[in-house]
Amino acid sequence: MLRAALNRLIGMLTVMAIVVTIVFVIVRVTPGDPAAVMLGPDATAADVEALRQRLGLDGTILQQFVSYVGGILRGDLGQSIFLGQPVTTALWLRAEPTFFLTIFSLAIATTVALPIGIASAYWRGSWFDQATTTLAMFAASVPSFWLGLVFIQTFAVGLGWFPTSGYGGPYSSLGERLFHLALPATTLGIVSSALIMRFTRASMLDVLNDDYVRTARSKGMSEWRVVIRHALKNALIPILTVLGLTAALLISGAIVTETVFALPGIGNLIVSAVLRRDYPVIQGALLIVAGLYVLVNFLIDMLYLLVDPRVRY
Amino acid sequence: MKSILKAAAFAALAGIALPNFAVAQTAGGAIDVATIGEPPTLDPMTSTADLVGIITQHIFETLYTFDANWAVTPLLAADMPEISEDGTVYTIALREGVTFHDGSSMTAEDVVASLERWLRIASRGKQAATVVETVSAVGDLTVEIRLNGPYAPLLSLLSLNNSAAIVIPAEIAADDVMESFIGTGPYQLAERRPDQYIQVTRFEDYASREGEANGYGGARHQYLDEIRFVPVPDPNTRIEGAVAGQFDYVDSIAVEAYDRIAGGNTDPVLLAPFGWPVFVMNTAEGVNADVQVRKAIQAALAPHDMMLAAFGSEDFFSIDGAMYPEGYVWHTQAGTDPYKPMGDNDLAVQLREGSSYDGSPIRVLTSRQYEFHYTMAQVAEAYLEAAGFDVQLDVVEWATLTQRRTDPALWDIYITHSPFLPEPSLIGIMSDTSPGWWVSDTKHAALEAFNAEADPDARVALWAAVQEAVYEEVPAYKVGNFNALAAQSPELQGVVPAPWPYFWNAYIQE
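Residue numbers (numbering that gives the first Met the number 0), protein chains in the order written: chain A, 0 to 312; chain B, 0 to 509.
Just chain A, same shape as in the assembly (with noise of 0.2 Å):
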């Protein structure tokens, strides 16, 4: 298990490495200028020249990357040109509503697809399973922007039990500011329950047919027992895997969804720093998105080797 640990670990820093140098490369060939855009439409050609230099934008691509490469090392992401903050503090500040955000949609997705998917995979086949399977290629083809607007036009102005956006004011209690939330994060988990529905159903077909589930029936068990206590078990590394990648595709962010909430989380300071090219903004998002993912990645890896010690890398 440790040495498995340390291959995974040192793969892990090798992705980071790739990522970094193909981050940097990719936010300074992209056409844009953060001195522009900061000094607005009338600034002449000498100001933004003036006001690159100013920002350390004026070195050559090569010099820029070995001064964030030093600072990464260093712990420091650097200075986020437009908010006049450090990156870090950019993202920490953002991370409350991202943070519940995936909390409330991945419950909102897991507590909607897996009894939905267990059930459509035992009466396979049945209307229950077809009207489930419709219903999950609808959540999983509807785009979440329009799913939001819906969301708000119903409920938020049509009925006017949530606020239309945001996440509360200067004297909002978290509760206030989690309210906020409800419609973005039921957005997020009736898309995401459509992905995790399907590899349960799937999954779960896989193994109810198995030797093992035959035996625990034949012993008499109840089909309860057989359904949750055998083959859900056995079914889990996949959707382990899809609820992991799930989970770190909205921690880092879910960018379409929190930009027409206007929800102040990580997606949205993405969007505005990819907007107005900050560019130690987005590598330091990008950082830290890419290393959550690798993360994630590797937790999975180790609760394989947990949930089937047959598992071996």
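Where hints are given, some of them may not hold.
[Stated by the list, open to error] Facing chain A, according to a computed beta carbon distance under 7 Å, are these residues of chain B, among others:
#, residue
1, PRO193
2, ASP224
3, GLU239
4, GLY240
5, THR405
[Stated by the list, open to error] Here's a subset of chain A near chain B, in silico, CB distances under 7 Å, partners left out:
#, residue
6, GLY165
7, VAL259
8, LEU274
[As the list claims (entries may be wrong)] Per label pair, the in silico range of CB-to-CB distance:
#, chain 1, residue 1, chain 2, residue 2, range
9, A, GLY55, B, ASP204, 32 to 42 Å
10, A, ILE25, B, ASP174, 26 to 36 Å
11, A, THR20, B, GLU313, 49 to 59 Å
12, A, ILE21, B, VAL328, 24 to 34 Å
13, B, PRO489, A, VAL14, 50 to 60 Å
14, A, ILE227, B, VAL394, 53 to 63 Å
15, A, TRP145, B, VAL394, 16 to 26 Å
16, A, TYR170, B, GLY102, 22 to 32 Å
17, A, TYR170, B, ALA67, 28 to 38 Å
18, B, ARG367, A, TYR170, 49 to 59 Å
19, B, PRO489, A, THR133, 42 to 52 Å
20, B, GLN368, A, GLY55, 22 to 32 Å
21, A, THR153, B, ALA288, 50 to 60 Å
22, B, ALA67, A, THR20, 56 to 66 Å
To be clear, the hints were calculated from the coordinates, so they are not data collected in a lab.
Using N, Cα and C, we set each Cβ at its ideal position, and we do this for glycine too.
Assemble chain B onto chain A, guided by the hints.
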């Protein structure tokens, strides 16, 4: 829909009139203002972005500002400046008893340091720096600006709220990077949570001017306890927020949403006219370096169809070749004959054939950040092709456009828009270094005469010559006038429709 303009006019009149009844209002309450996004900075010296000006004008103040008729009026200055006979020395007396948000008193030393910072780092300040020789304190509350020649736009430059000549404490002004946001405005910065809100609260020691409110000038009553600027970048979400009544004021809504807003919990507010879309021509390089090509393009374009496609209804735009609409002192039709609402294809073909145009594609640089830019580009493409031009639409996002337009090798036309700036010489094409790079003897002769003239009436006459030069040399093509739509809670009163909405005289009606 026909009632829209009437309603807008009523709203505008009501808004203008309301501050006159200000004494009847009570203080208190907070409002949420939905904005188009997070401002790139809170230092209004360093940015010309409207959003920066809208928010920071509540925190910072300038020596002068604009009244309801867009005339310069004193703000932190005690009065209009004393100007020497030759127009080169401005002596500005400052108001007594003005306090910064940190509790210190404003002195001439602060003003000098602030103006020096403005001349050093602000794009408009640098424009003024070419004529400003010295800025000095000639007393505790008197400042003197010496110029190397008469320069009439100076007071307007000192009055604008973007790239603004704000007055800040001298120790803050010493640094090019602003880290403390200490101004003299009616509201002070309480908290900035990027992408969540910017909270400003009433500055209790604020020294308002006496008298009545008058545009951006006059009394500033500070009825509200606090104002929260909430970024809502998605335009559809802003509309839904307005319909639901979640915000007290929602800025910058697509005009197509007028009926939807009108049926919701907030009232539509139309600012008519707000500004002008413009096709800026690259006069330095490429096919448009030939003025005959630019004239052919001018003849080919049909502004009526372009505006109709972009704004959907004549309630939201007007066809007008004058660079300033009626109601502005600068309004004149001088030189606008080449502006044809439906274009003149025959003339365009004739001009193209007499030009150096060699069939190269005209590269139109545009963005969908503002959908109406893109829509106008599509209509323009059809008209230009009908006149025999090959057209290439380069559609990029805004940040890319702002970079590419600085390189004359990359484009022939770029599309932008502007509010009607109170001082014509601040329009982008008037600067030789602004993208488009319009430089000519005709321009310089007309503009220098305009800039050197101090007499307001004489300047109005001289502006006509500048506008004629624009139509003669076509450094840019003004498409028309367009209106801006915002939404406002019925309880929120005292907001005057303005290109940069302000809330120091707003109050909540119980």
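Evaluated hints:
1. Evaluation of the B:PRO193 hint against chain A yields a held restraint, the C-beta minimum of about 5 Å falling below 7 Å.
2. At about 12 Å, the closest approach between the beta carbon of B:ASP224 and any beta carbon in chain A exceeds 7 Å, and the interface hint on this residue is violated.
3. Because the closest C-beta pair between B:GLU239 and chain A is about 5 Å apart, less than 7 Å, the hint holds.
4. A hinted interface residue such as B:GLY240 counts as satisfied when its beta carbon comes closer than 7 Å to some beta carbon of chain A; here the least separation is about 4 Å, so the hint holds.
5. Hint on B:THR405 holds. Least Cβ distance to chain A is approximately 5 Å, under the 7 Å limit.
6. Evaluation of the A:GLY165 hint against chain B yields a held restraint, the C-beta minimum of about 6 Å falling below 7 Å.
7. With a least beta-carbon distance of about 5 Å to chain B, the hint placing A:VAL259 at the interface is held under the 7 Å criterion.
8. Using the Cβ-Cβ criterion of 7 Å, the hint placing A:LEU274 at the interface with chain B is satisfied: the shortest such distance is roughly 6 Å.
9. The hinted window of 32 to 42 Å between A:GLY55 and B:ASP204 holds, with their beta carbons roughly 39 Å apart.
10. The supplied range of 26 to 36 Å is met by A:ILE25 and B:ASP174, whose beta-carbon atoms lie about 34 Å from each other.
11. For A:THR20 paired with B:GLU313, a C-beta distance near 55 Å keeps the hint of 49 to 59 Å intact.
12. Range check, A:ILE21 to B:VAL328: about 56 Å between beta-carbon atoms, so the 24 to 34 Å window is missed.
13. Checked against the hint of 50 to 60 Å, the C-beta distance between B:PRO489 and A:VAL14 comes to roughly 56 Å, which is consistent with it.
14. About 54 Å separates the C-beta atoms of A:ILE227 and B:VAL394, a value consistent with the hinted range of 53 to 63 Å.
15. Between A:TRP145 and B:VAL394 the C-beta distance comes to about 23 Å, which sits within the given range of 16 to 26 Å.
16. The beta-carbon spacing between A:TYR170 and B:GLY102, approximately 25 Å, falls within the hinted interval of 22 to 32 Å.
17. Taken as a hint, the range 28 to 38 Å holds for the pair A:TYR170 and B:ALA67, whose Cβ atoms sit roughly 35 Å apart.
18. Between B:ARG367 and A:TYR170 the C-beta distance comes to about 37 Å, which lies outside the given range of 49 to 59 Å.
19. Hint check: B:PRO489 to A:THR133, Cβ distance near 45 Å, so the stated range 42 to 52 Å holds.
20. A hinted range of 22 to 32 Å holds for the C-beta pair B:GLN368 and A:GLY55, which are about 27 Å apart.
21. The hinted range of 50 to 60 Å is satisfied by A:THR153 and B:ALA288, whose Cβ atoms lie roughly 55 Å apart.
22. At about 57 Å, the beta-carbon gap between B:ALA67 and A:THR20 stays in the expected band of 56 to 66 Å.
Comparing the model with each earlier hint shows violations of hints 2, 12 and 18; every other hint is respected.
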